[in-house]
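> Now for the letters of each chain:
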Amino acid sequence: DGGITQSPKYLFRKEGQNVTLSCEQNLNHDAMYWYRQDPGQGLRLIYYSQIVNDFQKGDIAEGYSVSREKKESFPLTVTSAQKNPTAFYLCASIGAPGNTIYFGEGSWLTVV
Amino acid sequence: KQEVTQIPAALSVPEGENLVLNCSFTDSAIYNLQWFRQDPGKGLTSLLLIQSSQREQTSGRLNASLDKSSGRSTLYIAASQPGDSATYLCAPLMSSNTGKLIFGQGTTLQVKP
Chain A
1 DGGITQSPKY LFRKEGQNVT LSCEQNLNHD AMYWYRQDPG QGLRLIYYSQ IVNDFQKGDI
61 AEGYSVSREK KESFPLTVTS AQKNPTAFYL CASIGAPGNT IYFGEGSWLT VV
Chain B
1001 KQEVTQIPAA LSVPEGENLV LNCSFTDSAI YNLQWFRQDP GKGLTSLLLI QSSQREQTSG
1061 RLNASLDKSS GRSTLYIAAS QPGDSATYLC APLMSSNTGK LIFGQGTTLQ VKP
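Chains A and B, in that order, give the protein sequences.
FYI, our numbering numbers position 18 of the first sequence as 18, with every residue one higher than the one before it.
Whatever position you read off the second sequence (first residue = 1), add 1000 for our numbering.
To be clear, the hints were calculated from the coordinates, so they are not data collected in a lab.
Since the model is a prediction, treat every value here as computed from it, not as a measurement.
A few of these clues could be false.
[What the hints assert, rightly or not] Here are the in silico distance ranges between beta carbons for each label pair:
| no. | chain 1 | residue 1 | chain 2 | residue 2 | range |
| --- | --- | --- | --- | --- | --- |
| 1 | B | V1020 | A | S80 | 41 to 47 Å |
| 2 | B | E1056 | A | Q41 | 26 to 32 Å |
| 3 | A | F12 | B | A1029 | 40 to 46 Å |
| 4 | A | V52 | B | V1020 | 39 to 45 Å |
| 5 | A | S22 | B | Q1054 | 31 to 37 Å |
| 6 | B | K1112 | A | T77 | 39 to 45 Å |
| 7 | A | T100 | B | G1083 | 19 to 25 Å |
| 8 | B | D1067 | A | A81 | 38 to 44 Å |
Even glycine gets a Cβ: it sits at the ideal position worked out from N, Cα and C.
Isolated chain B, as found in the complex:
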C-alpha cells in the first residue's frame, strides 16, 4: 500500500526566501509524480508533473526533483512571494495499479510580506 508523507506540515517564511518542500513515498513503482497547489476552499491546481524517467522539472520559480529509487521528491520555490501562500500537495501515480491515486497530507505555506 502506497503511503505518502510530506514534511514539513506547515511553514512560515519571510518574503524573498528560497524554500524546499519534501515528499516521500513508500512504493517506488510509480509512473510519475505531480505537485499541486490548493488555495483555501478551492480545488487543486497542477504545478509540475515529473515522469518516472526524469530527475527534475522546472516552471518559473518552481523546480521539482524526483529520486524514484529512494522514494523522494522535493519542490523548490525560489524567491518566495506572499502570493505563494497556499497548501502544496504531492501525488505519485502508481504503475502497478494506475487507477488508485494517493495524496500526501500537504504542506501549508505562509509567506509574510
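Next comes chain A alone, as it looks inside the complex:
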C-alpha cells in the first residue's frame, strides 16, 4: 500500500549529538514537509521541499538540516545546535495543490 514511513518511532539523543530522522514515501509526491509538535501544541513547520534537490526553511528551521536527493526521501537531521529538540516529529507529503495531504506516524525524539 502507498504511504509515508517514518523511522525510528522512538529515538534518544545525548546532548551534543546529531541524529537523523528518516521519511520515505511511495506516493510519487513532489512536495514533502517536516513538522515539530510539542506536547499540547500545534504543528510548527521546520522545512519543506517542493522538488528534488530543492528545499526551503519553515518557521523554526534553526538547528535542523534536510536533504532531498531522491523524490521519495526527505531525511531530517537534528543537530547539536538545536537546544531543545525533545518533541514529536511528523513528516507529510502532497502530490499537487488541491490534493490530500498524507502524514507519517511520527517519530518521538528525547534528549537524555
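Since the structure of chain A is already known, use the hints to place chain B on it.
Then chain B, alone, in the frame of chain A:
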C-alpha cells in the same frame, strides 16, 4: 504571512451532542482547506478536503464548510460519540506559495459517555 486560528482550544461534551469547531485564516488566497484528526501520539488522518470553489463537504457525520472570502471554515460533528475524542486540526493550502503548509493549533475534543 498566513495565520491560522482554531476556536475553541478545548471542548468537552456529553455523548450525542452536535458540535461545531471553528477555523479562521488571515490570507484568503487558498487552493483548498483540509481538516485532520490526531489521536494522542499519532500522526494526522485526513477527514475532509474542501476545494476553494466549494462551500461544503460531507463525510458521514462530519460536515465541513468554507467561506473563503471571510477566511473561515467550520467542522460540524453530528451526534458525537466517545470515539470522536481527539484533536482536530485545519490547514489551508496557499495559492501564492503552494509549498508552505501552515496548521492551526487544533481543538481538543472530549466526548463523555
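> For every hint, state whether the structure bears it out.
Hints, one by one, checked against the model:
1. V1020/B / S80/A: 41 to 47 Å: holds, 45 Å
2. E1056/B / Q41/A: 26 to 32 Å: holds, 29 Å
3. F12/A / A1029/B: 40 to 46 Å: holds, 42 Å
4. V52/A / V1020/B: 39 to 45 Å: holds, 42 Å
5. S22/A / Q1054/B: 31 to 37 Å: Given a distance of about 36 Å, which is inside 31 to 37 Å, the answer is holds.
6. K1112/B / T77/A: 39 to 45 Å: holds, 43 Å
7. T100/A / G1083/B: 19 to 25 Å: Given range 19 to 25 Å: holds, Cβ gap about 22 Å.
8. D1067/B / A81/A: 38 to 44 Å: holds, 42 Å
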